[in-house]
Every structure is written in structure tokens, then in C-alpha cells.
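Number of protein chains: 2
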Amino acid sequence: MRVEIVAVGTELLLGQIVDTNSAVISQKLAEFGIDCLFQTRVGDNLERIVSVLNSALDRNDAVMVCGGLGPTQDDITREAIAQVMGVKLEHHQDIEERIRAIFAARGRKMSANNVRQAMVPVGAQVIKQRKGTAPGLICPVRGKVIYAVPGVPHEMSDMLESAVIPDLVSRAGMTGVIRSRTLRTWGLSESALAEKVAPRLEALDAGDGRTTIAFLASGIEGIKLRITAKAESSAVVDSLLDDEERELRSILGEIVFGIDDTTIEMAVAKELVRLGITLSVAESLTGGLISARLVNVLGASDWYRGCVVSYASDVKYKVLGVEVGPVVSERAAIEMAQGARRVLQSDMGLAITGVAGPSPQEANLVGTVFVGTSSEKFGDRAIQLMLPGDRDRIRQYATISALDWLRRILSGGKASTGLD
Amino acid sequence: MRVEIVAVGTELLLGQIVDTNSAVISQKLAEFGIDCLFQTRVGDNLERIVSVLNSALDRNDAVMVCGGLGPTQDDITREAIAQVMGVKLEHHQDIEERIRAIFAARGRKMSANNVRQAMVPVGAQVIKQRKGTAPGLICPVRGKVIYAVPGVPHEMSDMLESAVIPDLVSRAGMTGVIRSRTLRTWGLSESALAEKVAPRLEALDAGDGRTTIAFLASGIEGIKLRITAKAESSAVVDSLLDDEERELRSILGEIVFGIDDTTIEMAVAKELVRLGITLSVAESLTGGLISARLVNVLGASDWYRGCVVSYASDVKYKVLGVEVGPVVSERAAIEMAQGARRVLQSDMGLAITGVAGPSPQEANLVGTVFVGTSSEKFGDRAIQLMLPGDRDRIRQYATISALDWLRRILSGGKASTGLD
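Quick note, the sequences are listed as chains F and V, same order. If you use the working numbering, the first sequence corresponds to residues 2 to 421, in order. If you use the working numbering, the second sequence corresponds to residues 2 to 421, in order.
Zero decoy hints are in this set.
Computed list of lysine to aspartate or glutamate pairs in EDC-like fashion (alpha-carbon distance at most 16 Å, straight line):
hint: 1; chain 1: F; residue 1: Lys110; chain 2: V; residue 2: Glu196
hint: 2; chain 1: F; residue 1: Lys145; chain 2: F; residue 2: Asp59
hint: 3; chain 1: F; residue 1: Lys132; chain 2: V; residue 2: Asp393
hint: 4; chain 1: V; residue 1: Lys225; chain 2: V; residue 2: Asp262
hint: 5; chain 1: F; residue 1: Lys29; chain 2: V; residue 2: Glu12
hint: 6; chain 1: F; residue 1: Lys110; chain 2: V; residue 2: Glu191
hint: 7; chain 1: V; residue 1: Lys225; chain 2: F; residue 2: Asp75
hint: 8; chain 1: F; residue 1: Lys129; chain 2: F; residue 2: Glu97
hint: 9; chain 1: F; residue 1: Lys132; chain 2: V; residue 2: Asp391
The set of hints was computed from the structure by calculation and includes no laboratory data.
From just these sequences and the hints, can you work out the full model?
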């Protein structure tokens, strides 16, 4: 099974949007062992979209088109597909009603333009829209198939998982089961991780080929290790995944903070719930990023109290009770954590202070960060980090590093800096 | 002049790397008025690279290939181009010596593999490497041209600016100037905006074609309207852009919050600086997102005091002084804003409370949000919003809506809900 991804949109050709959809789709295809040998981007031009779809069909079994399903005159993917299929577009009343209902639910009136989104090439099957107004399409043509999905990433992802991949898998007549599990890590560079895992990779290469491992750099969110297993049944696949997860955890230790969609804040939440303690935060350079990540966790109100963003120094002194003096220091980080704990009445306080730049502060270099915690169970502790990058990257790294440090303290492990 | 971008690398087809190079290149091409109508990605496979290069040459005047110039056996862009040109590769001693010197300067010995990088198709011109070991290539073929540059972003950018663009501009015999300006908007859906701008689009279509407008959906950050002008000189282009910006602003009014890279928090900051007042924030459902965006603005410490994230209700009561009772209400939003202003000692307080879901709260539906402000100059005010989407989207919309509402109040305009 060979699929070409076609991303439609003049904004892609002008470089105003980076095409992340193609990367997401191709990762998913690779996971299911479906080949993707070409990817193409084309603008909002009927003739050229038709020509690209035709050559994509020539050299593949299926084509997945992303984008151009919106309500404006620019959005002509529906027309292009109808032309490739040699059919007309027909109006689907049920789609229009769903769109109308979406607008009504938001207390808004559907614009006349949106009726375009209810047009479907004759013979195409509709993928119901659940996240936005545009439905997706499954279009049989020349004994092959064109899938059309919206360009909005979360709408695309929803249809990819719920409709396109299942349809592809069934067309490919795949019988075995393929499943993946991803180990999330924080604290080692990709090359250091690769070195640690190298002997295991060699062992798998020499094995029966049913289990494979791949590294996925996820930028700022740490390195992912994806385990993929293929076998004749779900039970066997799951046991292969379990075995390999156990193997890799024993090699990697506490740098693994979770699997699959587990975020570092979920890992923190799990420990807090296990210990039955509440948390509050005091932030300076991160400005609220740590707090915003914590409230992302479902059920955060069970253990999360709140946060004081003490951006101005005198807020640290007056609200949090930090002793007047330098505010980028271990002492200030601990006093901020104590202050958060006292003011917001929690069992544990987490605090962060540092220099995001662009200029040094109190003779501390840009990237200098102190994280502090205060709690009865684990005492008052602080660490210093030196983080790389620009203002935004330093903030992001600081946020994840602070959460990871907290996770390690809560889980009773050795509290490393989270970056080495 | 029409250029196709071809990105080479199996890691792109597996989704392990997002192709940012194509976006960077196409932005630069657009800036110089060079058309880019297609972009293609292909893996490290000789036959397929050759086939992609041939069809790209068929439909364009030039092709820019990115990637596959490294030292390993996978790197076969040189071989593919030679095949398309119908020539052999020849060894360039001067390139090898430059590579050897680069390694020597890093205190390392050149690996034997790197000699591959000194191979050049007969008849091609070399773009000197300044950032990495791989030289670029300018390859005449069929009266057209193939440029080859490394896939490493900073090496690619260097050669793009120093060699590829100048060569393209001179081949195109270009004389005119092309420039763009983007208006950022918040508060209207893409279709509603399109309806408003439709008469202007028609007027431009009927005009001299020197000015054009395009819509760019930027997901959660509002809709962008890009104006592009072409003319014989910079002065004329700039005056065309000014005229059209004025025209669109008069049509769109206060939904325009800035141009180009201006964010909504920068627009807020500009007003605060103009008025000479300080701001503090109290957040509930957004958990710190508003605060984190505000500290993104350079120089935020001049006007930003800090934030209280009152996630637990009793933090609203005890820390912010909200009267005990319902916390998802206009009254609570205003009292939170008053509390932030008092506790964090600012001229103005901005507060937000609401239901991000998944469950309703105090009989309020998921998506119900109240935003409040308190200040001497503008009094105490609140609005109610009904926001669409899941937990994360509601938070993001709430954040931008609150900042936009604040911007409108500060700029003295009519304070709409920011979403209709």
C-alpha cells in the first residue's frame, strides 16, 4: 500500500505556514507499515490541484489530500476531486444541517459561504466532521482512493485516526496487528540516549524482527522512544510491547516519565494523587507557564491550589514574603516556594526564578534558573540550572525542567537537574 | 520565473523531521516575486529523486533541491542530478581541501566518506560551503537550472541568500519590487471576514493588478489578511501598501489589532505604555496562560506586575477577596480584577473565570467565561463569552479573547465580545 500526501494551500507555497500535517500523517502511516514515497504541496489553483492529484494517483494506491475544504472561494479541493473523478458535486442536506447546528451551538448564524462545505462529489463517502465545520471525503477513483481532510491540524488528526487509517488498513487487507507504544523521556540528549540504547537495538536487529525501536525527537518535550510490535494477534502484540517496555525502562531508569500521551505534568499529578498532597506554585521568569501546564491535567482541582506570578520583585517581597535582596538565587527560590505554600495554603510549594534574557540580571547570565520546593515531607530544596536558547526556549526548558525535578522528588528518586 | 522546491530525505517521509526549509525558501522566493507553484518531498532513492527532478524541470524554469549532500551513502542528490544532466561526477581537489581544512580547524581528521562531498556533476558550478562541509551546486540542464543546497537549515539559508536568490533574480532579468504586509485580526470568523472584504476584493480584481489580497487562517491566533503589492520601485510599493492598509482598516475597524508579527499581547502592551499604567491579572480557568503571554513581550517589566492564579475557589475568596458565593459570574470576575489590582498593586486588573470543562460548574455550561477589568480610568467592567471547543481550545480562546477585550477597552473603542 502506497500513499501520497498532497497538502493544498497557497499559504504553504508562500511559506506563511509550515506544513506540519504531512509530518503527522507520515508518522502515522509509517507506524502502520504503509509506504509514503512522495509528498507534494500545491496552491489553491484548480488546474494544478487536478494535475497533482492525477500524477499522485498514477504512482500510488491512495492519495491523502489535506486542506482546501474551507468555506471560501479559495477552497476548491472538492471541485478538483470531482473533476479527477469525472463527476459533479451534489448538495448534502444533512451536512448543511450539521454545520448549521455547529454555528447555533456557538450562538452564531451560519454564513452563506458555509453551504459550499455541504457539496460532495457524486459517489464519495462522507467523513463526519466532529471538530470543525468541514466534513472529510473518501472518494473512489480509478480503482484507487482519494481521501480529503481539512488542513486544520486537530480536525485533520481526528479524521486521520478515526476514518482514513482504518479505511487504508482494511483496503490493504492487513491481517496481522501492528501497535506502538512510546516511552517519553526527559534528561538525556538524543545522542546520549542512542548510546545507552545501542546494545538493545543490536539485540533486536538480531532477533525475529517482530519488535522494533525508533527515536523521535520531539523538540522541547524530550526524546521519545517508539516501540512497534507486529504479530498475529492483539494479545501477542501487547505482550511484546510489555516486554520491550520493561526492558527499556530497566536500561533508562527514571528518565522515563511516562508512555504515549503522558505529559510531564500528568506524571507530577499522578505522584501528588498517590501521596495525597496539594501543590501551589510561584513563578517569575516563566510567567505562568508551569501553572498553565498543571491545570491541563484533568482533575487538577483535586490537588492544585493556584499560583502567584511574582514578575515584579516587590511582589516577591510583599506577597510571597521573600526577604528583600537578590531574587535570582537558591534562597529566593526556596522562599518563594514557602510563600506560595503559605499564601495559597498547600502541602507543597514549587517555585522558579531566573533570567530569561535578553539581558543578564543581578550579575546572573541569561539562562540561569533556580527551582525551589518546600514541603513537610521532602523539606526545602533548590537546584540551579543553566539553560540554553533564546527567551522563549529558556522559559519552555525551565518549565519542563522544574516539573521534571518535582516529579523526581515526589517519586523519591534521585533529583538530577533534568538536563545533562 | 517559476521554481519548484524539492526536499530530499527519507526522514521527512517518515515524519521524523518537519520540513521547515521549504517554508523558509518559499517565503524568500515570494518576497522576490518568484513563483513557487509546487513543492515535493522524496526519500533517499536514486530512481525516485531522478523522476521527481525530471517532472519538476518539465513544469518549472528552475528547481531547488534541499538535502542529500551529506557524506554518507544515503546522500545521493549529486548522483541524481548528474543522471538528470546526463553527465558524470568529477572530483574537485579544491573542495576536498576546503573540507579537510574545516575538519582540521575543529581539531578532527576528515573521514574518508567526506571525499564524496568533493564530487561535482561535470558542467556544474560550485557554491562554496561556509557553514558546513557540503558545497552547493548550480547545475545547468535543458536550458533550465537545478540548485542543490544542504538540508541543514543554517547551511541552506546561507546559500539561499548568498547564491541562489541572486542567481535567480539575474536569470529572471527582474526589475520591479514586490512586498507584502499582513493585517492581523481577531473577532470575526474567516467567512464573515471574507463577506466584509468581498467588495474590496472585487474592486482590486477590476483594477490594475498591482495590489492583491489573500486570507490566511492562523488557527487560534485569528485571521490574517495579506496585502501584496508589485511596482517599479520600493517607494511606489510602500505607498500602495499604505493605501491598501488604510482602505482595509476603514472596512474592518477595530478587529485589526496589528500588522505582520504583532501579537495581541504586544497590542495590549502598546496601549499600556501609551497610557502609562501598570497591569496585573487574576486567572482561574486559563491557569496562567494570559500571564505567560504578557511576559513574552520584551520590556514587560515596565508595566506588568504579576498574576494570581486562583484555581481553588477559596483562593479567590481568601487571597483575592472575592465574596463567598458563585465564582463563575460577572461579579466574581470583577472582584477578582479588583483583588489582583489591590494585592499586586497595579493601576489596572484583568481577571478571567469560567468553565473549561469537561463538566459544567455552578449550572454554567462548558465554555461559559466571564472576563472582568478594574481600573480608575475605565471603571469596573465585565463581559460574558460562550467559547467553542474542548478544554484546551476553550482556554486558548479565552486567553486571546480576554486580551483582545482589554486591548479594545484600553484603546477606547467599543468593547465587543471579541468572538462573533
